[in-house]
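Below are the chains, spelled out letter by letter.
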Amino acid sequence: MATRKTAKKPNVSAEELLGYYRDMLLIRRFEEKAGQLYGMGLIGGFCHLYIGQEAVVVGLEAATKEGDKRITSYRDHGHMLACGMDPNGVMAELTGREGGYSKGKGGSMHMFSKEKHFYGGHGIVGAQVPLGAGLAFSDKYKGNDNVSFAYFGDGAANQGQVYETFNMAALWDLPVIFVIENNQYAMGTAQKRSTSTPDLYTRGEAFGIKGQTVDGMDVLAVKEASEKAVAHCRAGKGPYILEVKTYRYRGHSMSDPAKYRTREEVQKMRSERDPIEHIREMLLTGKHASEDELKAIDKEIKGIVIDSAEFAKASPEPALEELWTDIYAEAN
Amino acid sequence: MATEILMPALSPTMEEGTLAKWLVKEGDTIESGMIIAEIETDKATMEFEAVDEGTMGAILVAEGTEGVKVNAPIAVLLEEGEDASAAVASAPAPATEAPAEAPAAAPKSAPAAPIAPQANLTPDWPEGTEMKTQTVREALRDAMAEEMRSDENVFLMGEEVAEYQGAYKVSQGLLDEFGSKRIIDTPITEHGFAGVATGSAFGGLRPIVEFMTFNFAMQAIDQIINSAAKTLYMSGGQMGAPMVFRGANGAAARVGAQHSQDYAAWYAQIPGLKVAMPYSASDAKGLLKSAIRDPNPVIFLENEILYGRQFEVPVMDDFTVPFGKARIWREGTDVTIVSFGIGMQYALEAADKLAEDGISAEVIDLRTLRPIDYDTVLASVMKTNRCVTVEEGYPVGSIGNHISATIMQKAFDYLDAPVINCAGKDVPMPYAANLEKLALVTTDEVIEAVKQVTYR
Chain A
1 MATRKTAKKP NVSAEELLGY YRDMLLIRRF EEKAGQLYGM GLIGGFCHLY IGQEAVVVGL
61 EAATKEGDKR ITSYRDHGHM LACGMDPNGV MAELTGREGG YSKGKGGSMH MFSKEKHFYG
121 GHGIVGAQVP LGAGLAFSDK YKGNDNVSFA YFGDGAANQG QVYETFNMAA LWDLPVIFVI
181 ENNQYAMGTA QKRSTSTPDL YTRGEAFGIK GQTVDGMDVL AVKEASEKAV AHCRAGKGPY
241 ILEVKTYRYR GHSMSDPAKY RTREEVQKMR SERDPIEHIR EMLLTGKHAS EDELKAIDKE
301 IKGIVIDSAE FAKASPEPAL EELWTDIYAE AN
Chain B
1001 MATEILMPAL SPTMEEGTLA KWLVKEGDTI ESGMIIAEIE TDKATMEFEA VDEGTMGAIL
1061 VAEGTEGVKV NAPIAVLLEE GEDASAAVAS APAPATEAPA EAPAAAPKSA PAAPIAPQAN
1121 LTPDWPEGTE MKTQTVREAL RDAMAEEMRS DENVFLMGEE VAEYQGAYKV SQGLLDEFGS
1181 KRIIDTPITE HGFAGVATGS AFGGLRPIVE FMTFNFAMQA IDQIINSAAK TLYMSGGQMG
1241 APMVFRGANG AAARVGAQHS QDYAAWYAQI PGLKVAMPYS ASDAKGLLKS AIRDPNPVIF
1301 LENEILYGRQ FEVPVMDDFT VPFGKARIWR EGTDVTIVSF GIGMQYALEA ADKLAEDGIS
1361 AEVIDLRTLR PIDYDTVLAS VMKTNRCVTV EEGYPVGSIG NHISATIMQK AFDYLDAPVI
1421 NCAGKDVPMP YAANLEKLAL VTTDEVIEAV KQVTYR
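Protein sequences appear in the order of chains A and B.
Here this note's numbering is used: the first residue of the first sequence is 1, the next is one more, and so on.
Here this note's numbering is used: the first residue of the second sequence is 1001, the next is one more, and so on.
Only chain B is shown next, with the shape it has when bound in the complex (with noise of 0.2 Å):
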């Protein structure tokens, strides 16, 4: 049977060309992989190999021709014995072999709730249990300890995490107990490891990666996005990288631009990771527990400044904190404080602070910021009227602009003042004390930011 050779496609949004010139002319012997003809588009001049072998029966469209549609036909290809007039006069019209146009409305992501956001006030661990007191450096490490303890295939990677005991010193002990197979010195690269670890997650493994501290991560970038966190969903299900990425994020003290910056709202941004930004040990415990556990590939932003800070910490066999659950830190009535993170610190002295000057402020840790707790925060919100942020990251695509859009959004009728939102200043990071201090978030700002909502 006679072929139609169609119009190429060369690039993915090309739709018409130019046939610059034909190489072939009818009564020619088309071999398979023979260049018959040039195709012109507006970036390049392509040549046309045949797919088929036959004898070029007909040219349909001429040379020097502006304007050919992809998928027009351009020329008859005929088999032994076939004459080319019939096969002119037999060729069907050009039918439309690409797929039916999606239907113009997607599912939506969130389906419209009729009902009222609740917050969750279940408590995280049972009333009466006993606590001690621990630093979050402790805390996380008793977590990663007690996951390697229950599972073999969980092993810790990164620079000094063995023989040093940790740049910050979170690892301290593990090598004793676990050797020198599962807890790994790995060099000074930390693009090769995060995909030297991503891969072994692939192979079935569950690596905690530490970096030293996320601004190195930086390097390490495409393979946490393009690796990690889309593996997934690109294998249609398939296979996906279940770890940790773990490690030191925010501005120390006096370390410079380099060393100063918070990724919260970085990672929060992708699909396909989980983020956690914990700020007391026990939440820093529980929740790097749920994130080892975790089957996804998880952020787990900690803080140099909290990591000798004392909290008190359950003493229970196996404690863990869930991803998406905001924890309440002081409930209040005048206005919500939303933080995560070193922010907390910040909140929390604000809100002291303000209940001198009798303004009751609910503060909230939003622990995990993908996903995110929204129901506990809109439930505040629509009880206060009235709501803050607060975080050390860069004010602009921070979390807090996204929780202002959201409450907007969902509450919108609920508030008596726009939403004001905290952040670290749109500036690097300077290392002078005095600039560096200004370059933060800090309480007095927080104060002032309540004050301004409550019109005080």
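Okay, chain A solo, but in the shape it has when bound (with noise of 0.2 Å):
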């Protein structure tokens, strides 16, 4: 990965970039808890952390409106946050509780938000694409400018499904975002073990779909890349591929030992190229906020992800009843 630029003078306000700060710590604290609740076997099953990954959906995120979808895999938490879903109804459905965002029955990898325009929360790899396409598509048949975003990793990008996506959302000029979040593993696999060719931002140049690629570590860029895409699909000119080149730090799923790359890889990118110290240097040099500042907003993020903790412990388990409903809609 390419070092990070000198950074240009930004084009953001201070509380703009106060609130990217907030949203990824939000991301970074939550998840940390989260990996906190599994070891303490209070959250079963898989559970796929985003830490690392922050900038991505706060960047991607900053340039949406009113009525833009989005949907992406099982590695879901940071977007669900992201997307303004409250902390308390996600963590109540790591635990599998009432309270949970899917009554506690759909888990980690299952969490809708319907008042947000979340539609999940996909657990087959690559599966969320022609569904991400599929929100656009019903956007342009009702005729408004919503554009959606179909988050997949570098792993899904070797689905079949997903050409066949690129194909019919550029023949129909379907406003979508092909957002490819490739922190070059696709579980233990590292990229040039799977993929062919490594610019994953050109694999919808036979299909006549525009893409580009960004530092995924900096939001900024992935900001500026983010409102570039959407002019683009709202104009009506069609779909649009973003490859935001990231890394993860915690293993695919907590249950990796994660012996497919070094102690020192990781750390390396952990010291150099985190994306929140990133902000908040910038924050500090700038003099757009100071240490104490800082410090009240981690407080407050703290607090938030305790209580969500706290919720998600208190909420109950589902009523048994809840076994049989929800497997048939009503009609009107």
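Hints listed in this document are in silico derivations from the structure and should not be mistaken for laboratory results.
The structure presented is a predicted model; accordingly, all values stated were derived computationally and were not measured.
Treat the hints with care, as some may be off.
[Claimed, not checked] Calculated cross-link-like contacts (lysine to any residue; reagent style SDA-like; alpha-carbon spacing at most 25 Å):
1) A/Lys-237 x B/Val-1024
2) A/Lys-259 x B/Gly-1308
3) B/Lys-1025 x A/Ser-271
4) A/Lys-116 x A/Gly-236
5) A/Lys-116 x B/Pro-1295
6) B/Lys-1069 x B/Val-1024
7) B/Lys-1132 x B/Gly-1308
[To be verified] Residues from chain B that keep clear of chain A, each with C-beta distances beyond 12 Å, as calculated:
8) Gly-1027
9) Gly-1067
10) Pro-1126
11) Tyr-1168
12) Lys-1181
13) Arg-1182
14) Gln-1238
15) Asp-1352
16) Asn-1401
17) Leu-1415
Ideal Cβ positions, reconstructed from N, Cα and C, are used throughout, including at glycine.
Take the two lone chains, each set in its own frame, and fit them into one complex as the hints suggest.
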């Protein structure tokens, strides 16, 4: 990955910078707490943490408006927090409780919010890509200017249905942004061992889809790229591909011993490229915020996360009758 | 306050593990995210990160200890100014934070009904309604056209549905009436367009997806089951996929193994889906209209051989057939023949021939396989005391197997003979004309089965 360029004067206000810092920190602390609750046996099954990738979703969301839709894979906690879903509801879903977004019936990988236009949380690698194009199809059919974000990883980028979708999205000019979160490892397989050509943003060329790559450890760079892609889609010019180069600090899931990469590689990323530290530094050196102000934000976030964990522990398990509900919708 | 560090669960199934190695010692400063220990499970060695910052106060479990239970305290982390001995002394006994065990018995899906099952004999249309002769193909097209006229969110997508007018001409004329925005030709890409259609249903539209045949829907079955059928449940009722997947199902003629398969039992197994498999034109029309209006994903299994078959269809402004209501085609007293889809052809032919031999067969068309109208079947079996099922699909795990099991559980005392399932043979469909004929279920086999259960 390229080293970070000397930050040109960012065209953002102190308030926006603080907002990104806060949103990324919330994801980081939330995920750390989720990891802790998993270790305590309060969260079961699979649990895929977003730590290290925070700038991707926070940068992308910075260019959205009400009505825009998003859909992603099973590494979805960050996306939910970034689009404004309630940390309590997300954490309680992780613990499988009544207060969770899916009443405890979905879990870490299957959460949704109609209100926030978050369409999951999908456990089958790549399946969210045609679904995301379908969301865009529905907006185009209705004639509005909403945009859909279909997030997937470098691993999913090798699924056949992704290319079936690229073809249809380009053929029908669907307003969908394909966000490839390239964290360089598909579970334990490094990208160079799974992928014949390294530049995933060029994978749409055969279908006439424009793409670009962006540094996913720099929230401002991601935001700028997102704005460009959104403008393209809103103008009715069809789909767009953003390959966002990022890095996950933790294992693929909680049960990943991560023997496919060195501790030094992870440590180097954490100490040199951390997206939150980057913004923190920018806030301090630009005198947009004082140490004390940042400390106050840290404290506020810590409180939100502790509250979410408390809520998720206190919320009761779903009523046994819930086993038999939500299988079929009733006709209106 | 001192924080206990607990033995982590590193996989969904881990109950205990070995504390292989401490990477820190007492008195060390601990930062959040720092790797403090290595834990060994039966599958792998994992690094264990600190969550909180502080000072390592006491290591409670020495490295090399085997069989350390998940959630057991393994160390104590101190905040600034705290004393280690105090922390160990004040460390609370490990609390069980796992949720309380669920009571063993979950609610039953179907409470035992003391009431005897009653066949639903309400006619599908009022007596005296004007009728017209129509093919199944025309009835299906009329159903789609009528529903598209009344709901602009309904659209049809599939291979060759628009300009070609349908590979089997089911969508003939629809492009002219509704235009290319709503009658959409897709590339040959079943997995992809099934996913796009499902996503559009999440987004508020009501897609009808035509698979040229259901054989090709196997490419799309992940989207049908994992995305369309399960999302309502996984989202706690927030969103689902109101849509129809329809197309030709089952054997056509002389098209070999990959193009000849009945998927009735496959889809009927999936909670979250509804499944219809009509035989007649009136059922094709009435059920398809109900399917398009249904707020759930519906699998609508048609049959190439039946497309051109003519039936009487009621002339009504808005004729629908409800799901979960079987149709008794022929009343009888000696045996119940249960079938659906093209199987009805063999069932009805057999009943005609059996009548010549003095055997009175009651013939029931299930029409929908999810839900299934158990009551009509049970009421009939309680009357005739014998049952034969007929379907074209494979015999293992068939709809007939399920019907038999239900009858055994709910009407065992009424049975005078074991239920016989007539099904397709347990072989891939051969191409040769003589072998293909052998592989399919036949009228003669149905007659033979009836004679067996009636001991004739």
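Tested hints:
{"no.": "1", "hint": "A/Lys-237 x B/Val-1024", "result": "violated (56 Å)"}
{"no.": "2", "hint": "A/Lys-259 x B/Gly-1308", "result": "violated (62 Å)"}
{"no.": "3", "hint": "B/Lys-1025 x A/Ser-271", "result": "holds (23 Å)"}
{"no.": "4", "hint": "A/Lys-116 x A/Gly-236", "result": "holds (23 Å)"}
{"no.": "5", "hint": "A/Lys-116 x B/Pro-1295", "result": "holds (22 Å)"}
{"no.": "6", "hint": "B/Lys-1069 x B/Val-1024", "result": "holds (21 Å)"}
{"no.": "7", "hint": "B/Lys-1132 x B/Gly-1308", "result": "holds (15 Å)"}
{"no.": "8", "hint": "Gly-1027", "result": "holds (23 Å)"}
{"no.": "9", "hint": "Gly-1067", "result": "holds (17 Å)"}
{"no.": "10", "hint": "Pro-1126", "result": "holds (22 Å)"}
{"no.": "11", "hint": "Tyr-1168", "result": "holds (23 Å)"}
{"no.": "12", "hint": "Lys-1181", "result": "violated (7 Å)"}
{"no.": "13", "hint": "Arg-1182", "result": "violated (9 Å)"}
{"no.": "14", "hint": "Gln-1238", "result": "violated (5 Å)"}
{"no.": "15", "hint": "Asp-1352", "result": "holds (38 Å)"}
{"no.": "16", "hint": "Asn-1401", "result": "holds (23 Å)"}
{"no.": "17", "hint": "Leu-1415", "result": "holds (30 Å)"}
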